[in-house]
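Engineer: One-letter residues, chain by chain:
Protein chains: 2
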Amino acid sequence: MSSYSVSFYPENIIVMIDENDSLLYAINLAGIPVKASCSGRGTCGSCGIIIKQGQVKLAVGAVPDQRYQGKEFLPACRCFPLSNLVVELPTESKLTGQQVLLDNSFGEETETLNIYSKNTLCDMFPFDSPVYRKITIVIPEPSLNDPIDDLSRLNRSIHKATGMEKLRPTMGLLRILPDLLRRGGWKITISLAGIPGSEFTEVDFVEPGCENDRYFGLAVDIGTTTVVAQLVDLESGTVTSAKGAFNKQASFGDDVITRIIYASEHGVIVLQEAILDTINELIEEMLEEISIKPSDIKAAVCAGNTTMTHVLLGLDPSNIRLEPYTPVANKFPAMRAARAGLNIYNQAWVHIAPGTASYMGGDITAGLLVTGMVFADDLSLFIDIGTNGEMVLGNKEWLVSCACSAGPAFEGWGIKHGMRACPGAIERVVISQDGQKVKYDTVGNSPPMGICGSGLIDALSWLYKSGIIDRTGSMIKDPNKQRVRETVSGREFVLAWAGETGNKADIYLSDAEIKNLIRSKAAVYAGIRTMLHMVGLPVEAISRVYIAGGFGRQINIRAAINIGMLPDIPLEKYTYIGNSAVKGARLALLSGQARELFYNIADKITYLELSNGNLFMDEFISALFIPHTELSLFPTVEPEAGL
Amino acid sequence: MSSYSVSFYPENIIVMIDENDSLLYAINLAGIPVKASCSGRGTCGSCGIIIKQGQVKLAVGAVPDQRYQGKEFLPACRCFPLSNLVVELPTESKLTGQQVLLDNSFGEETETLNIYSKNTLCDMFPFDSPVYRKITIVIPEPSLNDPIDDLSRLNRSIHKATGMEKLRPTMGLLRILPDLLRRGGWKITISLAGIPGSEFTEVDFVEPGCENDRYFGLAVDIGTTTVVAQLVDLESGTVTSAKGAFNKQASFGDDVITRIIYASEHGVIVLQEAILDTINELIEEMLEEISIKPSDIKAAVCAGNTTMTHVLLGLDPSNIRLEPYTPVANKFPAMRAARAGLNIYNQAWVHIAPGTASYMGGDITAGLLVTGMVFADDLSLFIDIGTNGEMVLGNKEWLVSCACSAGPAFEGWGIKHGMRACPGAIERVVISQDGQKVKYDTVGNSPPMGICGSGLIDALSWLYKSGIIDRTGSMIKDPNKQRVRETVSGREFVLAWAGETGNKADIYLSDAEIKNLIRSKAAVYAGIRTMLHMVGLPVEAISRVYIAGGFGRQINIRAAINIGMLPDIPLEKYTYIGNSAVKGARLALLSGQARELFYNIADKITYLELSNGNLFMDEFISALFIPHTELSLFPTVEPEAGL
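Top to bottom, those sequences are chains A and B. With the numbering used here applied, the first sequence corresponds to residues 15 to 657, in that order. With the numbering used here applied, the second sequence corresponds to residues 15 to 657, in that order.
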């Protein structure tokens, strides 16, 4: 068998591969983050490369992609070397780089979260008890009248100072305790660490005298597509740094299903390493930004969906995708950072948000904390549409939930010109009544590069209003509508012409993509209706809707109602809460009461498996129209009226 | 500096030492267990050696010991090489060897303990819940109507089978759980391990199908002088092997005080290694005896006094001997065998008996379980006289305790011809009224080699009865009493003449040794009286006395009353319970209810520090007579009457 060198330009990384190895394998070997939505099965066309030098052979059936003028993109996963190569991985195929800069909301998080003061994290939770804290106390010296052992004396003083009762020392602490107490003249600084999922607090460390170093907690939202991390000063409660990045697992598939298949076939370890790399790089960036050491991060709270959590912990996710969809666990044993593989204080406890079911994970648990709906008398609806779509309906008495396979369409995946809300993403769209003119706004006012979730919802709403698509989403043939064109694979609507765009290619939506979007919106609405049906309440009973998650920028709620995705209730009942998972993780870092909920709320959620029974399927089919089969459900939506 | 070789004969071990290194150092280097009561300070004379070849110099003031005919014993700790040497460490100076064979009670333990059947461990505790157990269960398969996660499904089935609720998995288990459940066709064998000091049970291991290997628990009594270990079949509750050995720490001093001083000066590690070596050798012997692997021992319960426990765990014991006598801790964090250094299943939990105070340790906690006095309405007294002396008085409502510095006199230490109850030890003594004839029994009916605790108590009683000593313990000069002889260091009473003895040397008790014994018996009685005084009760209020510990063989209770050591109450109120610490450790291995007490009883004991206040000192001085200053306390003791 022949071996060839593959040099990546302009990264200047050279790897050796065999003739039977694909160039996607070479890219992974070189460690360059690459899009590979289909996990290397040759179906998504997202891993396009440009051969600068040398010769390759394509697998049978694979064809070059000509979508970008003057460049021939070959699918790396179908491409095998015939000689030594120089290869360019273009920006379009990279997971990082200009096109996939951090979501703006990462920055926004930092600002909005700093408003939480030391005493009120949000309306619900007091900043009473950070998960790790240091206190300096003076301990009465032992005497013949009070000769209790050093550990009991320490615990007694901690109890007096904090009210804490269930304290546990480490063996390491006991080995140095007598010396520390006496050397510090019975004035010491004690580090207290909450043990995950337990009522106990660990007496982690004791230092003689008064010690004032800052210490931090790490909050992480592990999304299927993106990972967001925050460093929280546990003394002040403020977010001192926040960063986001694409989940490096993206090289192994876009959604949880492709990741699970990868894990089932190749083992979970590679995926586990990818997510740990992602998180550890974020940690490193934040450490650098605020000039602290890994050992200054004394606790971590991670929230992710059930699959992401399994992968993070190295647990086999295979059964998550196989009926009856059983995860290994929804609650996880206590684990320290060194064991978890996080590059922080190696004795730090890592808190993992418990989940409810295979498709109702810890990210929702954390997100629910932020809504406060578990304290409310009236009915709230929580919707988190990210790469997956999860919803929770309820109040302080009960909670029901469901997961709809909304798919990642609203994150731009599976749509040729779909993209996340990065610079150049079309985020707002208005189409003139005659369907001839399109006005759009892009993120950062850059020339358009694609369209993100909020733009897609707007576009769908306006395509319908302007009569370009009918109630089923089919494009109507009309020679006057120049933006509608026929192709071999169906009709397309051009949102932006090549001349206007950043990559000199038309940005369009195809008939098939629109049908895909309608299925996604129908799944969300049908899920909501199914939950309401289970508890016997009408849509109007909902007092508050919390929209969380990965639409990128705030969606146009009105447009989402117009297409029949969200219930037709007054707009003022809607609240956009952004990345609720990382916010909830931060609440758990800072508030004892929040932590209590964090560990116990998931148990109290009744999960509806939508594939079980016909109710959801009936609702789904009814929702495959714009806005819905039953128009009475959308009284304020008038197809002919302007916005 | 010159170096010399030291060859030990007949062990054939050669070590190199410098001219400034003592021969005791050479013995320790060679790893030969040696008596060194004073920890190498040159005061006890127990490390005598015979120089077979070569020359040595003695430290100033050190003198050869001529006690054994024809042999010159040099104190190894005061002896330095002037040339290469051949050295014999005689039997008398060794910790192992003929003279220090296992205490007979080790064997006895095995027999008496096997009587506990599967259902009743003793009168008090049911054999309901061994600390580690395996159960085989069939788990209902998941379905869409019952899709809970694998871990919850497992826990639910364990709960149904055992009633257990607070279950905790290991992360390692979660990693293999989905595969095991499915591979085993949902019939699995589960290993459940109680987590020390916690209400939780760890789900330690799951095996597909039905699995029938035997598994064992280890019960250990870590005495200052001896260590006793038992292997308990956790399926049947029977003791399958029991072994005992001298604590290898004896090379560093006889009692806890000399050990603590050694630890304070040289660090605790050497002592920790010595005790771990001792225990691990016992484990090895037992494993060999019943042909099982270290990994078959799935749990351990260790009970020792506070100093021994500190040393076992590598905790600094220094403050135990310094006023106000504060241990590092009385309760200890949960620890696995690998961390503890025990050569058993490395994930086995090691349960450490919690103590009450510096001189009221976990051995007493374990011992109390055996008495059942914590369930009794009437008043019981528990006395454990080993190398230290601890006593507990109380009933189901309250418990008070104290430690008297009885010293190791009753174990034979500090008495020139004192020895433990090994073959050749005089264990029973009768002296004729005229003081001329001595009748004695020895352990194993061997020629006498020395005298053990029960023999010393008998001897003291008869020396008084026969008028050889007066009420203060002073030997009365009487030319008719041939066994009383004058020496430069005082009078001596010869118990056995050289012609009768196994080592061809007179066995005698000196005036000073008798005074030492009287101080020891006075400390015991004064401790009892002090406790009674604290609770305002007379001696007659005691309904039951439990005698535990290291007297070796059962003491003659009548003789102990006669000398004023034990309260003068009817003999039928006394029960000898042997090594209660190891028995209690075994109860904790087998019974959930016993384990509950094991972890909580120590907190409920009020400890009286006898050195605090004058009460004990007054009682002690009153007890320095035979039987006591206040004769009315000993109505049945008539000095002139026969036994």
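Think of the hints as simulated: they come from the structure by calculation, not from any bench. All values derive from a computational prediction rather than experimental measurement. Hints may contain errors.
List of simulated lysine-lysine pairs, BS3-like, C-alpha gap at most 27 Å [claimed, not checked]:
no.	chain 1	residue 1	chain 2	residue 2
1	A	Lys430	A	Lys529
2	B	Lys518	B	Lys451
3	A	Lys180	B	Lys451
4	B	Lys307	B	Lys430
5	A	Lys174	B	Lys618
6	A	Lys453	A	Lys495
7	B	Lys85	B	Lys66
8	B	Lys85	A	Lys180
9	A	Lys518	A	Lys85
10	A	Lys430	A	Lys66
11	B	Lys495	B	Lys529
12	A	Lys410	A	Lys453
13	A	Lys618	B	Lys66
14	A	Lys618	B	Lys587
15	A	Lys618	A	Lys108
Engineer: Look at each hint and say if it fits the structure.
Structural biologist: Evaluated hints:
no., hint, verdict
1, Lys430/A x Lys529/A, "holds (14 Å)"
2, Lys518/B x Lys451/B, "holds (19 Å)"
3, Lys180/A x Lys451/B, "violated (65 Å)"
4, Lys307/B x Lys430/B, "violated (43 Å)"
5, Lys174/A x Lys618/B, "holds (21 Å)"
6, Lys453/A x Lys495/A, "holds (16 Å)"
7, Lys85/B x Lys66/B, "holds (11 Å)"
8, Lys85/B x Lys180/A, "violated (63 Å)"
9, Lys518/A x Lys85/A, "holds (12 Å)"
10, Lys430/A x Lys66/A, "holds (25 Å)"
11, Lys495/B x Lys529/B, "holds (20 Å)"
12, Lys410/A x Lys453/A, "violated (44 Å)"
13, Lys618/A x Lys66/B, "violated (81 Å)"
14, Lys618/A x Lys587/B, "violated (58 Å)"
15, Lys618/A x Lys108/A, "violated (41 Å)"
The structure does not agree with the numbered hints 3, 4, 8, 12, 13, 14 and 15 stated previously, though it agrees with the rest.
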